[in-house]
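Asker: Just need the whole structure built from these sequences, with the hints factored in.
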Amino acid sequence: MTFIGRAGRIFLRARFAFCLLGCAFVFGCSRHEPPADLTIINNAEPESLDPAIIVAQADMRVVSAMFEGLTRLEPVNAQAVPGLAESWDISPDGKIYTFHLRTNLLWSTGEPITSADVVYSWIRELSPATASEYAGQLYYVKNAKEFNTGQIKDASLVGVHATDKFTVRVELNHPTLFFLDICSMPLACVVPRQTIEKYGDRWLMATPLPVSSAYELVEWRLNDKIRLKKNPLYWDAVNTRSEIVDILPVGSPNTALNLYERGQADIVWDKELIPSELIDVLLQRPDFHAFTYLGTYFIRFNVTKKPFDDPRVRQALALAIDKERIVKKITRAGEVTTSHLVPDGTRNYTSPPGLGYDPAQARKLLAEAGYPGGKGFPRFEYLFNAAGGSGGKIHENIAIELQQMWRDQLGIEMELRQVETQVFWGMESRLDYQVSRSSWIGDYDDANTFLGMFLTGDGNNETGWSNPRYDDLVHAANETTDAKQREKLFQQAETILVRDEAPIIPLYIYSGINYFDTNKISGIWENVLDDQPLRTIRKIEARP
Amino acid sequence: MNNEPVESRKPKVEGEKPATSELFAGSRPSALDPRLHSSPGQRAWRRFRTNRAAVFSAWYLAFLLAVILVWPVLLKVSGASFAKTHNPDQLSDVQFSPPTAQHWFGTDFHGRDVFSRTLFGAQISLLVGVVGAGVSLIIGVLWGAIAGYVGGRVDSFLMRLVDILYSLPTIIFVIVLLKTLGELVKQSHFVKNSPALESSLNVIFIFVGLGAVSWLTMARIVRGQVLSLRSRAFVEASRTLGAGTPRILFRHIIPNIFGIAITYVALTMPAIILYESFLSFLSLGVQAPMASWGTLIAEGVSQINPIRIYWWLVVFPGGILVTTLLALNFLGDGLRDAWDVKSK
Amino acid sequence: MYFARRILFAIPLLLVISMLAFALVHLAPGGPFDTERKPASPEIERNIKAKYHLDEPVWKQYCRYFGDLLHGDFGVSLKYRNHTVNDIIAQGLPVSMTLGMLAFCFATVVGVPLGFFTAARRGRWPDYTGSFLAVLAVCVPGFVVAPFLILIFAIKLKWFPVALWETPWHMVLPSIALGSYFVGKIARLLREGMLTAAQSEFVTAARAKGLGETALLLKHVFRIALLPVVSYSGPMLADLLTGSFIIENIFQIPGIGVFLVNSSLNRDYTVVVGLSLLYAMLLIGLNLAVDFSYTLLDPRVKYE
Chain A
1 MTFIGRAGRI
11 FLRARFAFCL
21 LGCAFVFGCS
31 RHEPPADLTI
41 INNAEPESLD
51 PAIIVAQADM
61 RVVSAMFEGL
71 TRLEPVNAQA
81 VPGLAESWDI
91 SPDGKIYTFH
101 LRTNLLWSTG
111 EPITSADVVY
121 SWIRELSPAT
131 ASEYAGQLYY
141 VKNAKEFNTG
151 QIKDASLVGV
161 HATDKFTVRV
171 ELNHPTLFFL
181 DICSMPLACV
191 VPRQTIEKYG
201 DRWLMATPLP
211 VSSAYELVEW
221 RLNDKIRLKK
231 NPLYWDAVNT
241 RSEIVDILPV
251 GSPNTALNLY
261 ERGQADIVWD
271 KELIPSELID
281 VLLQRPDFHA
291 FTYLGTYFIR
301 FNVTKKPFDD
311 PRVRQALALA
321 IDKERIVKKI
331 TRAGEVTTSH
341 LVPDGTRNYT
351 SPPGLGYDPA
361 QARKLLAEAG
371 YPGGKGFPRF
381 EYLFNAAGGS
391 GGKIHENIAI
401 ELQQMWRDQL
411 GIEMELRQVE
421 TQVFWGMESR
431 LDYQVSRSSW
441 IGDYDDANTF
451 LGMFLTGDGN
461 NETGWSNPRY
471 DDLVHAANET
481 TDAKQREKLF
491 QQAETILVRD
501 EAPIIPLYIY
511 SGINYFDTNK
521 ISGIWENVLD
531 DQPLRTIRKI
541 EARP
Chain B
1 MNNEPVESRK
11 PKVEGEKPAT
21 SELFAGSRPS
31 ALDPRLHSSP
41 GQRAWRRFRT
51 NRAAVFSAWY
61 LAFLLAVILV
71 WPVLLKVSGA
81 SFAKTHNPDQ
91 LSDVQFSPPT
101 AQHWFGTDFH
111 GRDVFSRTLF
121 GAQISLLVGV
131 VGAGVSLIIG
141 VLWGAIAGYV
151 GGRVDSFLMR
161 LVDILYSLPT
171 IIFVIVLLKT
181 LGELVKQSHF
191 VKNSPALESS
201 LNVIFIFVGL
211 GAVSWLTMAR
221 IVRGQVLSLR
231 SRAFVEASRT
241 LGAGTPRILF
251 RHIIPNIFGI
261 AITYVALTMP
271 AIILYESFLS
281 FLSLGVQAPM
291 ASWGTLIAEG
301 VSQINPIRIY
311 WWLVVFPGGI
321 LVTTLLALNF
331 LGDGLRDAWD
341 VKSK
Chain C
1 MYFARRILFA
11 IPLLLVISML
21 AFALVHLAPG
31 GPFDTERKPA
41 SPEIERNIKA
51 KYHLDEPVWK
61 QYCRYFGDLL
71 HGDFGVSLKY
81 RNHTVNDIIA
91 QGLPVSMTLG
101 MLAFCFATVV
111 GVPLGFFTAA
121 RRGRWPDYTG
131 SFLAVLAVCV
141 PGFVVAPFLI
151 LIFAIKLKWF
161 PVALWETPWH
171 MVLPSIALGS
181 YFVGKIARLL
191 REGMLTAAQS
201 EFVTAARAKG
211 LGETALLLKH
221 VFRIALLPVV
231 SYSGPMLADL
241 LTGSFIIENI
251 FQIPGIGVFL
261 VNSSLNRDYT
271 VVVGLSLLYA
281 MLLIGLNLAV
291 DFSYTLLDPR
301 VKYE
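Protein chains in written order, with the numbering used here: chain A, 1 to 544; chain B, 1 to 344; chain C, 1 to 304.
Derived from the structure by calculation, the hints contain no laboratory data. Fair warning: there could be bad hints in the mix.
What follows is a list of derived Cβ distance ranges for each label pair [said to hold, decoys possible]: (1) 59/C to 106/A: 44 to 54 Å; (2) 81/B to 54/C: 56 to 66 Å; (3) 70/C to 519/A: 55 to 65 Å; (4) 92/A to 68/C: 55 to 65 Å; (5) 111/A to 86/C: 27 to 37 Å; (6) 159/C to 309/B: 12 to 22 Å; (7) 50/C to 481/A: 54 to 64 Å; (8) 70/C to 227/B: 33 to 43 Å; (9) 50/C to 227/B: 51 to 61 Å; (10) 69/B to 328/A: 33 to 43 Å; (11) 315/B to 235/C: 31 to 41 Å; (12) 207/A to 68/C: 41 to 51 Å.
Example chain C residues on the side facing chain B (calculated, C-beta under 10 Å, incomplete) [stated by the list, open to error]: (13) 135; (14) 136; (15) 140; (16) 141; (17) 151; (18) 246; (19) 249; (20) 250.
A few chain A positions that, by computed beta-carbon distances, are all more than 12 Å from chain B [what the hints assert, rightly or not]: (21) 48; (22) 151; (23) 153; (24) 195; (25) 376; (26) 439.
Don't be surprised by glycine CBs; every beta carbon is placed ideally from N, CA and C.
Answerer: What follows is the structure in structure tokens.
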């Protein structure tokens, strides 16, 4: 029969052609590039590499390798040290900073970097059209807030000026002790005006892309890898330790661990990329390094809704949590429990104690508030987000423990509500929740980055809590130049926050775990800001 | 008169040794075989009974169902300590314990009894499968029956819609559908005042969502069947007697596609249960602290790594999932063979 | 002519799909710019929304989107703001297609012989074990198969890399994990097809004419039975494309499957609509190709 024969022939030919096509694709898709000197696993794919619009730490790590600001952070303790500026003078009242740029600065494409570039970059950061979410960090500069919110349209009124080719003069609203740290953050980094004006929003796709720091961008493939190459025109290029670095965005802790074990990656530097159930075993190994950093995990209350408008209820719930159990059983990375918001180790600051673990007192307070033994206490929801995929069911696990603790100690019923992460942020900011899980990572090494959140009306407050005395204390602390006085004022404020009113319950200070083999990698240290500049890291040659 | 039993009637070919391939073992009954004169239902049942795998699967499923239903009752009536250790939501300090006399399937991260969680999870998974398949059955049958019977423009329109829906990426729409509808309904006043409704709402949406994206094939097949049924004698007769369209649909057409319907329910259930486990793997399915097989397996899979393997977290829920799906598949196959339905 | 008409029909179909996807994703609660850290002033949020036209009514946004679409511009991703949707597709689609095709090859290379032998040895042990294996393959989810493959072949035996997508060695395990489900499906389809074909009048006639056993099997029954398998290839390739997201997730493969899921979770409107359209186009194209190949294989089939 002809048609069966025909069918057979066609099918055979089709299969053959298909296999050929498959092979072609396979070889086309496989990569032929030189291997990298260093392969690092970063947690997430950066949303952008534009210093002005990034928010996440994963993005900042890559951006800091490409763009630099007036200061930069040194690798051991993350202190601010000279970057593009080689020195600066601070006026006695602490409000005027005069930065002196180095005279030999060049973009990676050869053009000189001058103070006009610095001013351009800061104005761009503050410009409403850029819509930078971190612009608020520059509000310490005179007229920055007014410019950013559109109240003034003239950029020359903002307190940053290029007085000559290598000098930048900054005027602040009030003395700000941590201003130099802010100057090292990506939002204050210098970006190439020439490229941005030419390409607009697509400037990062330009090749070659001028960079002001240690590494140039070779390729950027989403969800695949970012390849960086040493920038020979960097002012400190002689100290840049690795030639080619690959950065992989791997979201799953198990995959990260497997890649590391197999030698496909050298460093895993995102502190959360460790399978939580293996932490106790892995911490015994010398290549797993645990450290605490400036981040706190806490619980937020929506104080505008009953029954959480009563501070006694909030205090009762706080006193009934066995935080040790949570860090021992669930998180297990050696976190330190905390009763206060600002993490230990913050520069120039020691926190006052907050509320500890006292179930008896908790029950008493709950009874005083009108719910003896939990009777009559309405059912409420605990909101948390799904940290997607197979990694990080931490929020859920903690929620389950809390549910049990509050039920056993206080007799109250809590329901769990898990929503997607995007929805979660929206609900928190609209105060569309009752109790929710929260966390905060410090932007710089100072108590203000934590305490400033709970000022009345601050966008990151998200509890509806407002206390004029707290506001006064925090503002006064920021006006003073005396570090000791500042500490005292902050301590008083924090006591109100975590003890007297308790719109939040701090649970523990984040503990991160990086892994890399110290016999093979040098130039990387753990510090409180969890900042590891790329330029100092290198692989030590194996001894023959 | 040929009274030989059917199985031995193999067509013989001149000069050829007897056919060795069972492939060609004919199975056409002779015209006088009593089997031909029984109703389709009876014929189907008889064929079904000879399929050992299908019958075994049916028994297994019945057994599973019995265990799932009996277990909660057992927990209620048993002593306090037994109930406590086997309470699926009871946290304990015995984390990650391998199977012991106390905990037959071991414990998980929170120290909860895996055996109990597997059985309670079975409730949810099977419920999702049944209701999801049920939803897809109802929508598919109605859609296909109306399209096939009414024909013409209506048929064209309805089937075009099916074509359109076929080209949509279902994953995106399931995710977005579930979340959108879920949030929208949850925020309505009606739900806010009734907390029990709120917590079960999520599971309900999963049923409806999964069923709503699986009815397409069913609709096509039902339409095909209805098209062929439409021209059969008994339908013509009914029409000449003056029966209206709805009456014919419900009294004649639909009962006759019962066989196909049941078969495809049995075959769609595994797909829906698998789909639900995919969603749970992405943390989009059933929410904590409730469990389904999908969430249990996802938890277990996240523990697979080269250093320590808590095999009981994957093997037990996974094993039961796979055997149940196997049983459903064999049962479905058996039903399909029994009702003599062609696969296209 | 029939095919020309279907291609023409595909255009309004794609339009409807884009509208549906657009509407659905905008209906979902939460937006792309809800972030953990609130910007210092509400102005900033307003500015971002204005920049991407999210403050306009949905129908107006759609018209704007449609206008861009006509120029082949799928828009800029709202989450990865330096990349356009075209960039994302250009990066991810070749990878996903390679993975899909390799899985397809694996599925046919293993599934077809499996189906053939279980049908040829029907009712005896090879059939029982083979069929059981086929059904088993259909019942074990991909996200269970993948970690076990990694554990055994990549970690314990160290034959293959653990994850990522760089050399042909990286492509083996993901293809197997993805294709295993379809091995089962193809085997079962082929077996059923052969059993049905064996009963057909055509084959009985051929046997009556005196054709030998193996010749019969190979040349006739098998080829007729291939038709349902071929017609299943269309939806199967499409399933491979999207069903790959879990495999891509586990092996960290930079394909579009992961983008598909994450963009809907991130409420990245442009990527969701763009990828939905892409998927729809692929599906429609594949279905057309399969139907076309059907006519080549079996000239009895005619479309009017």
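Asker: Which of the listed hints are broken here?
Answerer: As far as the earlier hints go, 7, 12 are violated by this structure, in ascending order.
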